[in-house]
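Go ahead and model the full structure; you've got the sequences and the hints to work with.
Residue strings, one per chain:
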Amino acid sequence: MQLSLEGVSKKVGPQTWLYDMSLAPRSANVTVLLGATQAGKTSLMRIMAGLDVPSSGRVLVDGQDVVGVPVRKRNVAMVYQQFINYPSMKVRDNIASPMKLRDDKNIAQRVQALAEKLHIDMFLDRYPTELSGGQQQRVALARALAKGAPLMLLDEPLVNLDYKLREELREELGALFASGDSTVIYATTEPAEALLLGGYTAVMDAGELLQYGPTAEVFHNPKSLRVARAFSDPPMNLMNATRQSTGVQLLGGPLMALTLPSTATPQLTLGMRASAVRTHAQSGDIAIGGRVELAEISGSDTFVHVATGMGNLVAQLTGVHYFDLGAQIQVYANPMQMYVFDAQGMLLLAPTRTKGH
Amino acid sequence: MARIDLDLAHAYKANPQHDSDYALLPLKMTFEDGGAYALLGPSGCGKTTMLNVMSGLLTPSQGHVLFDGRDMTHATPQERNIAQVFQFPVIYDTMTVAENLAFPLRNRQWPKDKMDQRVGQIAEMLEMSGQLNQRAAGLSADAKQKISLGRGLVRPDVSAVLFDEPLTVIDPHLKWQLRRKLKQIHHELKLTLIYVTHDQVEALTFADQVVVMTRGRAVQVGSPADLFERPSHTFVGNFIGSPGMNFLHAEVDASGLRVGSHVLDAAAALPLGAIKLGIRPEYVALTDAQTPGALPMLVSQVQDVGTHNIVTASHHGQTVKARLSTDSASVKTGSTVWLQVMGAHTCFYKNEEIVA
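Residue numbers (numbering that gives the first Met the number 0), protein chains in the order written: chain A, 0 to 356; chain B, 0 to 355.
These are computed hints drawn from the structure, not numbers from a lab.
Treat each hint with caution, since some may be false.
[Claimed, not checked] Simulated restraints, written as ranges between beta carbons of each label pair:
(1) A:Ala177 <-> B:Ala266: 39 to 47 Å
(2) B:Val262 <-> A:Met121: 34 to 42 Å
(3) B:Glu351 <-> A:Asp61: 49 to 57 Å
(4) B:Arg134 <-> A:Pro234: 30 to 38 Å
(5) A:Gln243 <-> B:Phe87: 51 to 59 Å
(6) A:Met121 <-> B:Thr58: 33 to 41 Å
Values in this document were obtained by computation on a predicted structure and should not be read as measured data.
Note that the Cβ used here is the ideal one computed from N, Cα and C, for glycine as well.
Take a look at the structure:
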C-alpha cells in the first residue's frame, strides 16, 4: 500500500502540533520518525492511523482519501511504548486474536511460526503477566504482525526495555520488517536506533518535518543544522567560522582550504561529528588544544569531552581509554571531514564519502 | 571512611537448595577505602540486594559484613555511618538549598562556622553556590536531585556513600555533567562511593572498579578496561559493549584449534575439547584469503551506522559481527570475506569462564 500525507497540519487550541507537511513513506519499507520528545511523532502517527483527524490536508491510501474513516475500518496494526496485551488470554490466544477476528485458517501453525520468530514459543500457554517486560512486548509485537496489516505503526516500542534486550529485539525487528511487505512507521528519539533499522528516516523537530530520505543519506547529508542536531548522538561539535577567499577561517583557529559554493554567507557554522575527532594526528589534520572535562566510557567507545577555546568538543574513540580530569590534550580533525552550514543554518558542504552508496 | 568486606549469601526464602533460590549467591568481596565502585547488571541480578546488605537495610541470611574488620552484620545504617542517595530526590521543600545541605551536619551538632564552610564547598562542587538561599520547593527535578547528591556527600566522616540509580530523573543532556561532577567529587573528597545502575555508560564512566552481576552472582570485578579487553565470563563479554562480544564454538584436538573443519591455529596452547572463542566486533578485522587465524565468512548484512559499518557474517551457521570502517566497500551482502578472529584480543572460554 502507498500511504501519503499531503499538506497535513494539526492545531489544538492556540497551539500548532504539526506544521504543514507532506510525506509519502516508502511502501513496503520501514520509515523511522526521528525526533526528540514533543517533535510531533506521536501526533503524526495518530493521523496516519486514523485516530485523529488533521486540521488541514489529506491522508491518502493508494490514492483514496481516508480522512474521517475510523481506525477500526482501516487495516492498521499498532504497537506502543507500554506493553499492551489481553491479560485474561494466554499468549497463544493473544497472538491468535487478530486471526480469529478474520476467521483465518491454519491459525495454530501460524501462531507457532510467529512465536518462534520472536522467541516466545515456550511461553504460549502462559499469561502475559507471567512474562518479563521484554517477553510481554514480544507478545504485543507478534499480535501486531499476526494482523498482517499493510500499515504497521510502532511508537517507541523498545523504550521501556533494558538496553541489551533492546539491542536483541531491534535486530529481530529489522529482519522481520525487511522480510515482510508491510509499510512500517517506527518512531524513536535515538539516532543510533534509526541507523540500525536502516530504511528511510523522516527527521522531525518541534512539529516540523525537516528532511526525508534513505536513512544513511540523511545522516551523511543533513540539509540543515537542525537536522544535524537531531540526527547526531553525541551532539555534532559546532564551531563558529567565517568565509575567506581562500577557504574557511575557524574562529580562534586555523584557516582551512575548503571550497564553498558561491552562495556561502560570510558567517558560517562548522560541524564535526564526534567520530571525526581524534587524539592522534593524521596527515592533513588541524590541531585543537583543550582540557579534558570527562571521559565517558560506553563499553564500545570512549567519549572524551574537551573544553577548548572554540567551545566544548566531544571526541569518540573506539574501545576503553582513560583520561585524567583536567588534563591538557590536543585533539585532531581533518578539514575534509567537516560540515559547513551558512548563517541560516543550511548545509553548504558535507564531507565527501570515499565510497559507499 | 571504611574498607568493607562481604562474605555472605542471601536468600529471601528459608532453606535455599538451588542456585535459583538465592537473591545473592555466596560471595566474598572487598570494597577498598576511598574507592569508586559500581554494581552493574540487568534488573533482578541482585545488585540492589547487595547494596541493601551493605547499607544495613537488609541482614544477609548467612555470612558477615565487616567494616574495617569489625562485624557490622546486624548494625543499623546509622551505626554503620552510611549515607545514601536514592533514585528520586529526598529533600525538604520548605528549607533553602543551604539548609538542606547542612541538615546531616546540623543533626550531628557541627559548629556553625565549620558547617558553613563545608556546605559552601559542596555547593561549589555541584555549581549551586548561587542558589544557596533559594527555597528548594521552586527548583527543577534536576536541581533537587543535585541537592540529594550534595546531602549524601556533605559528611566527610561517613563509612561510604551508596547511590541507587541516582541519575534516573536527570534529563539526558545534563546526565554527563553530573557524571563528571561525581567523578570530580570522588577525586577531591576521597570518599568510598558505591553506585548501583543497570546503565553501562554510567557504571563504566563513574567507577574505577565495576562489579558485573547476573542472577545473584558477581561474575567479574574489574576496571572498565578489564571488562572490555578480558571479560572473565561470557555474560560480561555480551553485556559490555554494543554489539557485545562474538562467541564461536570451537574444538581443540591434535590438529589444533578448529572452528568446524577450518584450523585456525595448529599450535594453540589451549585445553582439549570444546571451547568458545570470544572476539569483540571492534577487533574483528578484514583480511586476505587464507590468512592464518582468519575464517571465510558469508556476509548477510551491512549496516551503515554513520561512524562505521556493522557487518554481520557467518561461517557454517556461526555468526560474527564486525565493526569495520565505512571505506570497506568490498564488503557487500552476499559476498564472502575473510575475517581475522585470532589475535591479541581473542579470549577463550570453557563453561562460560575464561581459560585463556
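Status of the hints after comparison with the structure:
1. A:Ala177 <-> B:Ala266: 39 to 47 Å: holds (42 Å)
2. B:Val262 <-> A:Met121: 34 to 42 Å: Since Val262 (chain B) and Met121 (chain A) have Cβ atoms about 37 Å apart, the given range 34 to 42 Å holds.
3. B:Glu351 <-> A:Asp61: 49 to 57 Å: holds (53 Å)
4. B:Arg134 <-> A:Pro234: 30 to 38 Å: holds (33 Å)
5. A:Gln243 <-> B:Phe87: 51 to 59 Å: Check passed, 53 Å falls within 51 to 59 Å.
6. A:Met121 <-> B:Thr58: 33 to 41 Å: With Cβ atoms ~37 Å apart, the hint holds.
In this structure, none of the earlier numbered hints is contradicted; all agree with it.
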